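Asker: Sequence:
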Amino acid sequence: MSATAGEAEGQSGPAERLGLQPGMVVQELGWDDDCDEDLRRAIEEHTGNDLVDEEYDEVVDAVILWWREDDGDLVDALVDTKPDLTDGGVIWLLTPKVGREGYVEASDIAESAPTAGLSTTTSLAVAPDWLGTRLVTPKSRQR
Numbered sequence: 001m002s003a004t005a006g007e008a009e010g011q012s013g014p015a016e017r018l019g020l021q022p023g024m025v026v027q028e029l030g031w032d033d034d035c036d037e038d039l040r041r042a043i044e045e046h047t048g049n050d051l052v053d054e055e056y057d058e059v060v061d062a063v064i065l066w067w068r069e070d071d072g073d074l075v076d077a078l079v080d081t082k083p084d085l086t087d088g089g090v091i092w093l094l095t096p097k098v099g100r101e102g103y104v105e106a107s108d109i110a111e112s113a114p115t116a117g118l119s120t121t122t123s124l125a126v127a128p129d130w131l132g133t134r135l136v137t138p139k140s141r142q143r
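For the sequence shown, UniProt numbering assigns the number 1 to the initial residue and increments by one for each residue that follows.
A portion of the hints provided could be inaccurate.
Unchecked claim - Pair by pair, the computed Cβ-Cβ distance ranges are:
1) Pro114 - Glu45: 15 to 25 Å
2) Asp76 - Glu55: 16 to 26 Å
3) Tyr56 - Val98: 15 to 25 Å
4) Asp57 - Gly99: 16 to 26 Å
5) Arg41 - Thr86: 35 to 45 Å
6) Ser107 - Glu45: 15 to 25 Å
7) Lys97 - Asp73: 30 to 40 Å
8) Tyr56 - Gly19: 36 to 46 Å
9) Pro83 - Lys139: 25 to 35 Å
10) Pro83 - Pro114: 17 to 27 Å
11) Asp73 - Val98: 31 to 41 Å
12) Asp50 - Glu105: 24 to 34 Å
If you're looking for bench data, these hints aren't it; they were derived computationally from the structure. The model shown is predicted, which means the values in this text are computed figures rather than measured ones. Glycine residues also receive a C-beta, built at the ideal position from the N, C-alpha and C atoms.
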C-alpha cells in the first residue's frame, strides 16, 4: 500500500509519523544505497519539497540523518547538523534496526545526544530496516 493510499484511509504515512508538515524543508544527510527509497519519496510527497543535501545554504525545518555504526563519530555528526536547523527544528536520526548491518546501539544514541546538546524524545520504526530517533534542542537551550 502506498503512503497516499494509507493516508486516504485515515492512516498516517511515514512522513506524518515523523511530524513533518506540507511546506517543510527537510535536509537529508548520510544518504547511501541502503537508505529506504519509499521513506524518502513519502517525505518529498508529503512536504511537497525535494529533500535538500548538505550543500543547501539556508535553514531547514528538519534533518533526516541516516547513520550506521561505522559512519564515524555520532556526536560530531549531530553537532554539525544543528546550525542548519531553524529554532524548534528536529533531527531524525535514522539507524538500522537490530540485526541489520550497521546497527547502532541505543546506548550510543542515548550517550551521544546530550553530549551534542540534544534530547531524545521518540523512537519509532520508520521503514522495514530503519528505526528513527527524534532529537531536539532542549527548550532551555533554544535561542
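Asker: The structure should be examined with respect to each hint, and the outcome stated for every one.
Answerer: So, going through the hints one by one against the coordinates:
Range check, Pro114 to Glu45: about 34 Å between beta-carbon atoms, so the 15 to 25 Å window is missed. Distance hint check: the CB atoms of Asp76 and Glu55 are about 19 Å apart, consistent with the given range 16 to 26 Å. Between Tyr56 and Val98 the beta carbons are some 32 Å apart, a value that contradicts the proposed interval 15 to 25 Å. At roughly 38 Å, the beta-carbon separation of Asp57 and Gly99 lies outside the given 16 to 26 Å, and the hint is violated.
For Arg41 paired with Thr86, a C-beta distance near 24 Å fails the hint of 35 to 45 Å. Judged by the Cβ atoms, the range 15 to 25 Å given for Ser107 and Glu45 is violated: they are separated by roughly 35 Å. The hinted range of 30 to 40 Å is not satisfied by Lys97 and Asp73, whose Cβ atoms lie roughly 22 Å apart. For Tyr56 and Gly19, the hinted distance range of 36 to 46 Å is not satisfied, since their beta carbons lie about 20 Å from each other.
At about 19 Å, the beta-carbon gap between Pro83 and Lys139 misses the expected band of 25 to 35 Å. Hint check: Pro83 to Pro114, Cβ distance near 18 Å, so the stated range 17 to 27 Å holds. The given range of 31 to 41 Å is broken by Asp73 and Val98, whose C-beta atoms sit roughly 22 Å from each other. Checking the proposed 24 to 34 Å range against Asp50 and Glu105 shows it holds: the Cβ atoms sit about 32 Å from each other.
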